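2 protein chains.
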Amino acid sequence: MTHETLDAAAEILPAEAIDAIERAATSAHRHEELFSERAANIKQSAVRDVFDISMRPGLVSLAGGSPYLQSLPLERLGQTAAKIIAEQGMTALQYGGGQGTEELRTQICEVMAAEGILDAKPENVVVTAGSQSAQDVAAKVFCNPGDVVLVEDPTYVGALNTFEAYQVEVATVPMDADGIIPDRLETRIAALQAAGKNVKFLYTIPSFNNPSGITLSTERRQQVVDICRKANVLVLEDNPYGLLRFDGKPLTPLRAANPNDVIYLGSFSKIFAPGLRIGWALVPAHLQRRYYLASESVTLCPPTLNQMLVSAYLRDYDWRGQIETYRGLYKERCDAMLAALDEFMPPGLNWTRPEGGFFVWVTLPEGVDTYPLLKKAIDAGVVFIPGAAFTHSDDPSNKIRLAFSAVPPKSIREGVRRLAPVLREAIAAL
Amino acid sequence: MTHETLDAAAEILPAEAIDAIERAATSAHRHEELFSERAANIKQSAVRDVFDISMRPGLVSLAGGSPYLQSLPLERLGQTAAKIIAEQGMTALQYGGGQGTEELRTQICEVMAAEGILDAKPENVVVTAGSQSAQDVAAKVFCNPGDVVLVEDPTYVGALNTFEAYQVEVATVPMDADGIIPDRLETRIAALQAAGKNVKFLYTIPSFNNPSGITLSTERRQQVVDICRKANVLVLEDNPYGLLRFDGKPLTPLRAANPNDVIYLGSFSKIFAPGLRIGWALVPAHLQRRYYLASESVTLCPPTLNQMLVSAYLRDYDWRGQIETYRGLYKERCDAMLAALDEFMPPGLNWTRPEGGFFVWVTLPEGVDTYPLLKKAIDAGVVFIPGAAFTHSDDPSNKIRLAFSAVPPKSIREGVRRLAPVLREAIAAL
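These protein sequences, in sequence, are chains A and B. The working numbering applies: residue 1 is where the first sequence begins, and numbers increase by one. The working numbering applies: residue 1 is where the second sequence begins, and numbers increase by one.
None of these hints come from the bench; they were simulated from the model. Since this is a predicted model, take the numbers as computed values, not measurements.
Chain A regions said to be covered by chain B (calculated; three or more residues, Cβ under 8 Å):
#1 29 to 35
#2 80 to 89
#3 95 to 108
#4 126 to 138
Derived DSS-like pairs: lysine-lysine, alpha-carbon spacing no greater than 30 Å straight-line:
#5 LYS230(B) x LYS121(B)
#6 LYS43(A) x LYS197(B)
#7 LYS83(A) x LYS83(B)
#8 LYS410(B) x LYS375(B)
#9 LYS121(B) x LYS43(A)
#10 LYS121(B) x LYS249(B)
#11 LYS410(A) x LYS331(A)
#12 LYS43(B) x LYS376(B)
#13 LYS43(B) x LYS197(A)
#14 LYS197(B) x LYS43(B)
#15 LYS121(A) x LYS43(B)
#16 LYS121(B) x LYS83(B)
#17 LYS249(B) x LYS331(B)
#18 LYS230(B) x LYS197(B)
#19 LYS249(A) x LYS410(A)
Heads up, the beta-carbon is just placed ideally off N, CA and C, and yes, glycines get one too.
Produce the entire structure from the sequences given, and follow the hints as far as they go.
This is the structure we're talking about:
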């Protein structure tokens with residue numbers, strides 16, 4: 001506030017109020033000095049940017065990767081929650097242990113067994129407030145400012161934001177249709193280490209990567225871990241979609257044969273309910289204590305009621321059958337999206353054909369910047385996430401992420417139909 | 001593993017298994033290099049150490065500051081949860097906005113109004129996964145390694161652990177019976193700033209400090225903020241117990257008259273249910289965006305179901321009446337503890353007489369180290385937290401924290417009765 005406006009205000013406000021206003025303006029200004037260096041690195045995720053827009057009636061949202069919850073037995077789940085609170089409320093509403101309940105950690109080992117991790121022990125599981133919190137804790141435990149975290153390009157934007165809050169250097173590793181390219185991983189690590197960098201971990205979503213839908217092939221899985229082990233780099237395997245493979249058995253996680261080199265992150269957000277915010281980390285035994293203490297320092301303990309509700313779900317419901325339902329449902333939606341893309345998209349585009357998960361990744365011709373297309377798409381009644389959201393660099397991206405998880409097949413088709421002219425126009429303008 | 005033992009193992013294990021064992025031992029060893037510097041700063045809280053022990057049947061736990069939940073209407077709360085899940089499950093079990101629901105943020109402003117903060121706006125409230133997470137985010141947003149955080153001595157051990165994970169320098173400010181001593185605060189800040197230190201914020205629990213039960217007097221409250229403002233130091237006011245003053249109205253928070261200089265932390269853990277992990281920060285408008293983004297980078301969003309359950313509680317239940325119930329109940333327990341201390345404690349001790357909250361702070365004669373007394377107390381059938389847990393220094397402490405919140409008056413008396421001979425013996429041994 002300038003002195004002129006303060007003088008003007010003096011005619012209508014008591015002196016005390018003017019003091020307060022001036023004091024406020026002065027504090028606000030001086031507080032800028034107080035932010036940590038990392039605070040400048042924390043950005044809004046584009047996915048969250050469009051979170052509210054996506055809710056607008058009439059719009060088809062192919063943006064958010066929300067799971068489709070309509071198929072859950074809500075009435076019965078409500079009764080289960082009621083019973084937990086009425087009969088065990090003293091526990092459910094009270095503080096719990098920082099690592100999570102033993103019952104849930106034991107059940108989580110069964111969930112992981114369904115994916116091919118057969119040797120997990122409850123004492124090495126740390127329950128977290130969603131998988132995001134598990135990523136945050138990993139960065140907290142391992143990363144000093146300036147350390148390097150390797151990520152797939154593209155990768156999950158929430159993880160990028162979390163890691164960057166720790167002032168790490170994010171280094172990308174290219175993927176092809178079979179996931180991370182092992183040779184490129186090896187040379188990338190070697191070059192970084194030769195330059196004196198501390199490479200702490202590779203963050204990877206090997207099955208149905210968000211946003212690309214790409215899956216690391218079986219042949220490459222052990223190679224990737226071996227390259228990291230040789231270079232003394234941990235692997236942070238994020239596998240929220242692993243059980244949602246459309247056909248066949250889940251692919252064996254990197255963790256399965258590598259208990260000492262992989263921190264495995266799991267989540268109930270995609271196979272049960274994200275609003276409960278229950279995820280977990282399976283941590284190598286020799287790293288468990290520090291990981292656990294760091295987790296406790298952030299959240300004290302994960303919400304007890306939510307853990308008990310997940311436990312009841314895993315104990316008393318056909319959770320395996322529900323996963324079968326999800327697999328069929330998401331396969332149908334993915335097929336609908338691929339068919340619509342075939343039907344409506346102009347020439348010059350290509351897209352991934354995922355084996356599971358929630359996303360298709362569309363590549364436009366070189367030179368198209370998809371970010372400004374978002375506004376046009378919203379005007380046309382459809383929302384997507386521009387590719388630039390999923391990379392560390394500030395360069396324009398010619399990609400878009402389309403989520404098929406939350407929208408019924410008919411709406412998927414309608415959304416793609418609305419999107420097509422926006423993309424066609426952008427290509428024509430090249 | 002030495003080569004001898006490997007050779008011995010070779011006689012009974014296949015070569016592949018031995019490779020795996022050797023590889024595991026090697027990885028584990030080399031991974032030590034990968035920890036961040038901050039990881040070494042993250043310690044187990046003594047409160048959590050005794051968390052499991054406190055649960056043993058037969059023991060009287062005066063250790064944990066758990067609220068007394070038996071007076072909550074559990075049956076009805078269960079029905080409310082059932083209704084939310086059955087009728088609004090698509091929202092309650094789904095991802096939500098990173099800042100928390102607008103309904104809850106609006107209601108939180110009403111809760112704060114009951115304490116004397118009359119100008120809070122929902123857009124400046126950030127809902128967090130418990131108040132612990134709000135402390136973590138504050139450190140993340142403001143603290144570079146080496147920056148100074150001021151704390152009362154003694155203070156909440158969970159906050160100490162959280163701040164130390166950011167490699168801050170924790171500097172203590174002494175209290176007397178009226179809380180922080182303003183002159184000492186002023187000279188402490190001046191000395192630190194003269195030494196070139198960046199003092200970022202004062203973390204304070206002005207009402208019924210955990211662990212001491214001490215309350216910052218009304219006269220000193222504005223002084224403390226003014227000293228900080230003058231020195232461009234923020235105030236992080238943690239007020240989980242504010243509404244639980246035994247007699248009279250709640251004391252006006254520091255935030256009330258100082259909207260630009262105080263980040264206010266509130267929690268439903270003490271006035272409703274800690275197992276839901278719902279807390280909040282009321283952030284000055286000019287700091288809100290960075291605070292909110294940092295919170296989102298840690299947890300993506302607070303649990304939706306839990307927010308909706310708290311909202312229903314604040315909307316449909318007599319939460320003010322429940323607070324009255326708690327106030328009476330905790331007053332009765334505090335009185336029981338003070339009476340038992342008068343009755344059983346040997347001469348040479350003194351203790352605080354809190355006006356609210358959960359804790360009494362007992363001071364033994366100089367030279368007594370209370371940490372080794374914990375084991376003896378457990379043998380005698382009672383648990384407490386040694387004073388050393390609540391200070392940054394590693395020096396022995398002659399204090400103990402006794403919590404009266406979770407235990408009925410008769411058990412409090414029994415616990416103090418069991419504790420007395422342990423303390424008498426320690427004093428006699430001086």
